[in-house]
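J.: The lines below spell out each chain.
2 protein chains.
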Amino acid sequence: MKIRETLPIIRITGDKKENLSDTIVTETPITIFLNDQEIATIICTPENILYLTAGYLFSERFIRTKEDIIGTEYNEKNGIVRVEIKKQIDPLKDLRHTRFITPGCMSPGSFYNAADAVLCKKVESNMHITTNEIITVIRQAQLSSRLFRETGGVHSAALCSGSKVVFFIEDIGRHNALDKIIGRCLLEGMPMDDKMIITSGRISSEVLLKIIKAEVPILISRSAPTTKAVSLSKVFGITLVGFARGKKFNIYSNEWRVTC
Amino acid sequence: MKIRETLPIIRITGDKKENLSDTIVTETPITIFLNDQEIATIICTPENILYLTAGYLFSERFIRTKEDIIGTEYNEKNGIVRVEIKKQIDPLKDLRHTRFITPGCMSPGSFYNAADAVLCKKVESNMHITTNEIITVIRQAQLSSRLFRETGGVHSAALCSGSKVVFFIEDIGRHNALDKIIGRCLLEGMPMDDKMIITSGRISSEVLLKIIKAEVPILISRSAPTTKAVSLSKVFGITLVGFARGKKFNIYSNEWRVTC
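Here the protein sequences come in this chain order: A and B.
Here the numbering used here is used: position 29 in the first sequence is 60, and no number is missing along the way.
Here the numbering used here is used: position 257 in the second sequence is 288, and no number is missing along the way.
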């Protein structure tokens, strides 16, 4: 399936009207069946579907390692991914994401479910990076954004080591792009505790929880964080960088990993 | 609860390092219980929660009109909204959003569930708008984006009539901002078939399905659509405008509603 298509459009510029062709990004629904139970439908860019599946299952705590997966089958025609894992799935317990509600649920470092509250741990990586490396790698990631330049309709995520981009992925969803990066690392056995991730999207608590679970020490965004993402990054030892554009960026937490 | 907070940050500009304060957007989890069943947790900007709830329930087809709601109770402390509606809820049938899969699920105008496929109908509104009114109202909406100017961390949605903004709402989620607009119209009895909606976010099929269900004839975005959103807008009679910035915009479908 194509990830872009050319369609006729009408462009208005003030009083001027032109008939043009434009490149527009596609989307497709992918439905994941886990041990024959339907667990999710994800609207995404139709490529890297097995990375997306692995990353999603990891972020949702159905799997911890590649070895938890027995087999995977993707049918592109009907958009169905069937995954068999070693763990048994209990539809009423595992598939209903009921919220973990406590009186302190508005406090920094709080979670939306009990598993996250118990299993998340502080990221201890001693990784360091210089401000120049950050500025260089932001430029590298931007140069890789081909689908964005063509369509303006996608987010991106990049796994980076020092000033080098290791994996770069674009998707119509900012969560999908991150899951595809995390899933690729998982399936290819690439360690994440000595890397950083750059995302084009805003940093909410949901994005930060993915980074905490994947134990990535540094997260960089072109865009803004929320206060809850900032407080989670402080509690869990993540260096959080936002508004990274050109030679400028803001550091919100754990600045000790960034040297001038 | 505050919708913004001031936090200390470190700003890097090339080799320069400054300690500053910055305004950062907050977020909160809202959990909706419908007839005592937990149905969803939504991470959102902590204001207009009852509009969000009504819009979400409408978009997910739990309610059709304000009269379907018997009562609503929002507890700000624990972030729980309890809604009682006339319809009975069957947890296994209504709360598991299983996908509606057909061999033609990739074709234009396809749906993700059977209810949408049966219930969505073509928007027949004869509403017209001029290119100048579009350019004026885009500027009006942009001038209203106060939280975005302060924090860079929110999306917005505006309900507009001619060149006037009727309701304007900002939220950390683009889907939430739309649901808040739709919910407000529902609760206040404001007709939507003679209005247009401006959104700051990208237009995927999920966004377009909200617009189809609310029967809004014109959707304008600052950003890009997907090809599936374009095909749905053609099939369901929505005028779809994208990349609306300054005096420029693209029309993707049903251009007959736009006069020069």
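In short, the hints are calculated from the structure, not lab data.
Be aware that a few hints might be false.
Because identical chains share one entry, a pair is satisfied inside a single copy or across any pair of copies.
What the hints assert, rightly or not - Computed cross-link-like contacts, PhoX-like style, restricted to lysine-lysine with a CA-CA straight-line distance of at most 20 Å:
1) LYS118 <-> LYS48
2) LYS47 <-> LYS278
3) LYS279 <-> LYS108
4) LYS47 <-> LYS279
5) LYS33 <-> LYS153
In this text, all values refer to a predicted model and were calculated from it rather than measured experimentally.
J.: All hints are to be evaluated individually against the structure, with a verdict given for each.
T.: Hints and how they fare:
Proximity of LYS118 and LYS48 under a CA criterion of 20 Å is satisfied in neither setting, with 59 Å inside one chain copy and 49 Å between copies. In the homo-oligomer, the alpha carbons of LYS47 and LYS278 lie at most 20 Å apart only across protomers (10 Å), although the nearest pairing inside one protomer, at 37 Å, exceeds that limit. When the C-alpha separation of LYS279 and LYS108 is checked against a cutoff of 20 Å, the pair qualifies neither within a copy, at 45 Å, nor between copies, at 38 Å. For a Cα distance limit of 20 Å, the shortest separation of LYS47 from LYS279 across copies, 9 Å, qualifies, whereas the shortest one inside one copy, 37 Å, does not.
In the homo-oligomer, the alpha carbons of LYS33 and LYS153 never lie at most 20 Å apart, since the shortest distance is 40 Å inside one protomer and 28 Å across protomers.
Of the hints listed earlier, those the structure fails to meet are numbers 1, 3, 5, in rising order.
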